[in-house]
Structure formats: structure tokens, C-alpha cells
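**Q** The residues making up each chain are set out below.
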Amino acid sequence: MMNTKIVEVENLRKLFPVQKSFLDRLLSKKIEYVHAVDDISFNIKIGEVFCLVGESGCGKSTTGYLIVRLLEPTDGKIIFRGIDITHIKGEELRKLRKEFQIIFQDPYASLNPRMKIGDIIRHPLDIHMIGTREERREKVLSMLKDVGLYPPEQFYDKYPHQLSGGQRQRVAIARALVLQPKFLVADEPTSMLDVSVQANIVNLMMDLKRRFNLTYLYITHDFGIASKICDRIAVMYLGKIVEIGKREEVLGEPRHPYTIALLTSIPGRKIAGKKLKIRGEVPNAINIPIGCRFYARCPYKKDICQELEPKFTKLSETHYVACHNIEMIKKDWPTLF
Amino acid sequence: MTNQELLSIKNLSVVYNTTRGRLIAIDNFSLGLSEGEIISVVGESGSGKSTLGYAILRILPPNGKIVNGEIHFNGINIIQLSEKELRELRGKKISMIFQDPMTSLDPLMRIGDQIVETILEHEKMDKEEAWNIGANLLESLGIDSERMYDFPHQLSGGMRQRIVIALAIVLNPKVVIADEPTTGLDVIVQYQILDLLKRLRDERKISIIFITHDLGLAYDISDRIAVMYAGKLVELAEKNKLFDRPLHPYTQGLLKSIPELSIDSKNLVSIPGYPPDMVTPPRGCRFHPRCPIAMSLCRQKEPKLIEVEKNHYVRCFRSGEVAFK
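Protein sequences appear in the order of chains A and B. Heads up: the first sequence begins at 231 in this note's numbering, then just goes up one per residue. Heads up: the second sequence begins at -3 in this note's numbering, then just goes up one per residue.
The hints are simulated quantities; they were obtained by calculation from the structure and are not laboratory data. You can trust all of the hints, since none of them are fake.
Covered, in the sense of this in silico footprint (three residues per stretch, anywhere, with C-beta under 8 Å from a C-beta of chain A), are these stretches of chain B:
id, region
1, 144 to 157
2, 179 to 187
3, 198 to 212
4, 250 to 259
Simulated pairs of lysine to any residue, SDA-like, Cα-Cα distance not exceeding 20 Å:
id, chain 1, residue 1, chain 2, residue 2
5, B, LYS262, A, THR565
6, A, LYS504, B, SER258
7, B, LYS300, B, VAL318
8, A, LYS507, B, GLY138
9, A, LYS507, B, ARG195
10, A, LYS560, A, GLU547
11, B, LYS194, A, GLY510
12, A, LYS505, B, LEU190
13, A, LYS507, B, LEU196
14, A, LYS507, B, LEU137
15, B, LYS300, B, PRO277
16, B, LYS262, A, GLU478
17, A, LYS375, B, TYR270
18, A, LYS328, A, LEU300
19, A, LYS507, B, LEU192
Computed from a predicted structure; not experimentally measured. From the three backbone atoms N, C-alpha and C, an ideal C-beta is built for every residue, glycine too.
Make a model of the complete structure from these sequences and hints.
**A** Dropping the structure here:
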């Protein structure tokens, strides 16, 4: 049987040591860690748009960086098209990078201001020594056309500062796709753009996905966008996945109180009526509580939540929720729409 | 508009002199704000919405200048005030909440000292009295008054923005201009901040000009919504009217391009093109290059703002010709 999974993540963890002052180091105080990603597992199927949603600091971007190996995982496994890539290095990793690429959040920081647009997009081809000079130029021009930058010859010789935010993000997309990867991590690619331009970029990405048979891991804090593009969603809180499922399941029948709070806090009038109000803000990820990480803010908490970290409960073949109070939530929030 | 206008802006024009040339950031803008009213000014980057806030408080950057118009507050024309009179106005009558709570607080001063400093700048009292006023204010906003002893870096983003709001209202102003006060905050905290602003309006009768790029937020907080495009007011109406029956094609496009949460539709509609370069804006209607219903007149002539229905103003030759679904 053919493997239908392009990415498999198993018990992935990433801890960042907290910077210590010289004095603290001399006194050899215990090193503390930020638990950015703390034991998460999921897989992404070929051709899917998988959305990772959460607030700042939940570990969603770190997860993206880990999968494309821009960060070294502390623990766990990353399997890409059946190959364990968790620890591959050097030439081997470089070769594989052709197949997975990333688009960053900030198109003002991710493009080298001293390089021409054409050179930026050509750079990956140079590194991987693909084609002749002429062929590379042709490839770049056709990429520029593919991302909607007309006339391509003119854009080839421009510099990033001559472009608007939306155009820059198109360049970043062209650069990510020029090596014809199979899998793309998109790290909040539209969060810095104006609303009217945002939709253009998202639609372009979906169009390219169809044309080039891509698979996306789409990272966003915006449930609105996620609801327009994803096949499956995972919601993260403090380094953990708290709910995962198909689009209709997570959006229509969310079962984790945090998911419901996020969904009902979205401004606008589609979700009018009931809101699940929660207090406080995301705590820091250094001193992780023993029980449920959402305990302090949860309106549904009971004693067990403080003592025992909830494991995933299977609600359907595809829908999993990490909460002790699913029954109560089901009663209060049968469906969201 | 009601006759009880607290703040009234008439034919305001603001220009910036840039290295690339003169740029008209706000062009002939009029708006009236009543007591206890919340109006959202919605627009994309470069629409002039933030400049509007700066102009009202006369805190434009050095290359910016008000070239035309009047801004009346309680009968006084702000544009004619001297620097000394302006200091009396700012903070005490009209105050501002800036976008970035990181940079609007002094990182080297305790929260309490910043509040005390603000009070003593305007009121004659001793330090202890001012400190107590500050502490009471924080408590009334649901913030532990122990926070008075904290430095800004010890606070979370949401808490910092609450402190900025406290600073903005400590002198009991009549009008607060909130310039994208929730940008950079997560949805749940954003919601908490909106709740706080609404409470200020309900309990203290403060009028708010809420500047935002997010129509959804505007809907949640305001009574009326003003939509700006490239320095022009293009549509102004009561919020439900604007959402039910937007008449300007830009407002219609903006409403459609909000990725609103839904499970039935995967459709994400966009407005083609980009907002114009303000040094060389297009002739005629500034929206015509991106407009789906532009005709030749739109390329030649600039439409006027017209009251097409009671209290519903639109700047478009073809306003309402295309029904909004």
C-alpha cells in the first residue's frame, strides 16, 4: 500500500534553555527551559492543507521550523515521505530541502534588501546547481508569472523595497516553489498584509497548490482564514495540541474549551450570540503546571484537571480532544453554527 | 448626525512633504462625534486613518501639516489653539491610545510613577493623592493596584495595553482616540480590551474614535463606521446598515474579503490590485483601478460624498447599483 502520509510527527519536543546571567551561572543555578513544543504527534496527508492554529507563544511556528529542520528537536521523530529526517545532516539534508520549503511571516525581513528579485528567486537554483544560466533565468521568469508578478522581465530587476508587502510575499512564494517542492510550511504568510491583499495571497497559494500538487502546513492565529482553506486543524496551547480534527469537526463541534473560546472571540457578526469568555492570558511556558495546562483559565475546570494532564479522547476516527470535561462541553455547546 | 456633536471635523485636509513629493494623506474629511458615541474609522494602510488621529490632537510629525479645515471640540477650533492651549486639551479633554503598548510606556518608570506624572502634569495635588487616584483607577478597570509598583516589562501585552488605557483616561477626557489598540494582541485578549473600552463608554460616557483595519472589530465595538480609502471618506453609516447594505464597492469588497469564520463556505473573495501610491494617486475616483463597476466617468471625475439615505453617506457615482450579497 502506498504511504498516504507526507509528514509524520511523533512525540516531538523542543525546549529552549532560558538565558542566565553570569552570576546565576557561577552559582550554578538550575537551568530552566521554555517548553515551546512539548510532546506533540500528528501527521499530514498528501495533498492536504493542515492548519496549525493558536495564540502567540503556543509553539505553532516552532513546530513548523522543526519540521523543515530549521531547529533541532530536543526529542521525538520527524518522518518525511517515509524517511526519518530527525537527525539527518549536511549534504543529505540539503538534498532533501528541495522537497520541503517554508514561507515566512514577514516579507519585509525574509527578502535580502540588496538582492534583485530575480536573483532572490534564482538563488535556490544556484545552490542546488539546477540547469544552465539561461534555463535558470527562464525558470525564474516563469515563476514570476506563476505568482502573478507581471511583466516578469520588469520584476526581475527590481529590488524588494520597490515592492508592496503583498508583492514581496509573492516573491517569497516564488522562491519557495522554484525547486518544485512537495511540501510547504507557510508561517502566517498573510498576517502582515492588508485585508484586501490577504485574500489575494491566500487564493494564490490555493491555486498553486492545485497546479503543483502541493501539501501545506499552514500556520495561523486566524481561525477565519483556517476555516477557508484547511482540511484538518490542530489547535495548540502552551506547546501542546489540545484538539485536532477535520475542519467541520473542529469548527462546527469544537469540544475543547480553549477552541471554543478562540472561536467565539473572533470579532464580526457571524458568530453572534454566545461567547465563551475566559480570563487572563497565555502564561509563560517555563513553569508548566502538572495537570491540564489550561486549568487556570478554564471555566469548566474540576479537581482532576489540576492533578492529571488530560490525554486525547477519540471522538471520531479523525477528531481528538485533550480535556476531562467533554461531556459537559457537549451539553453547553452542541454546535457552534 | 445629531445636533449634540462633541467633536466635529469639517473639510479637514492633511498633507505630508516627503522626499518623493507632496502627499495628501487626508482629503476634505468631515465627521461628527456625539457624546458617548463610538465611531470606527476603518481603512487599509495608507488610507489616512492614523493621520486623522494625529491631526485631531495636533501631533502630526514635522513633515505633516493641516492645510485646510476645522476641528471643533466643544465649540473651540483646535486648529487655532496655541501650543500652551493644546497642552491643556491633550490628555484632559481628548486623549489617545497608541497602537503599540510596548513603546507607549516608559520602560524605566514604574507604572504608578507614570500615572502620577500624567496627573501632576495637569492637576495641582500632592504625589500621594495622585498615587491613590491611580491605584483606584486600576482597581476600577479590574487591574490589581499592586501593578502600580511594576515596570512595563513585567507585564503581559494585554496588561500593558490596559495600563495604556488607564493612562489615557486618568484625567477624565471626553474623547479617546484609540489607534489600532488591539493590533498584536491575540483574539481572546483583544476581546477583553474591547469589553473594557465599551465599559468606559457606558460608565463614563467617553466618546471613542476607534481606528482599525478590521471591519469585524469595528462591528463589535462601534455605533457608526466610517470607511476610508486613500485619504477619502468613502462611506459612513450606522454599523448594521453598513453591514447589511454597503453601498460603496470598496466597502462591499472589504466586507467580502474578511475571512469570516464559516463551515459552509470556502470562498475567499479579494479586491484585485493594491492600495494606490499616495504621492501619485489615480485621477478621478481613487478606487477606480480596483473597482469592478468603474465606468469612464469614474476615471475622469471625482465623486462627491452624498447622503443617499438618511445618515448613510457614500462617495460613488454608481452607489448601490450593485446589490450586495
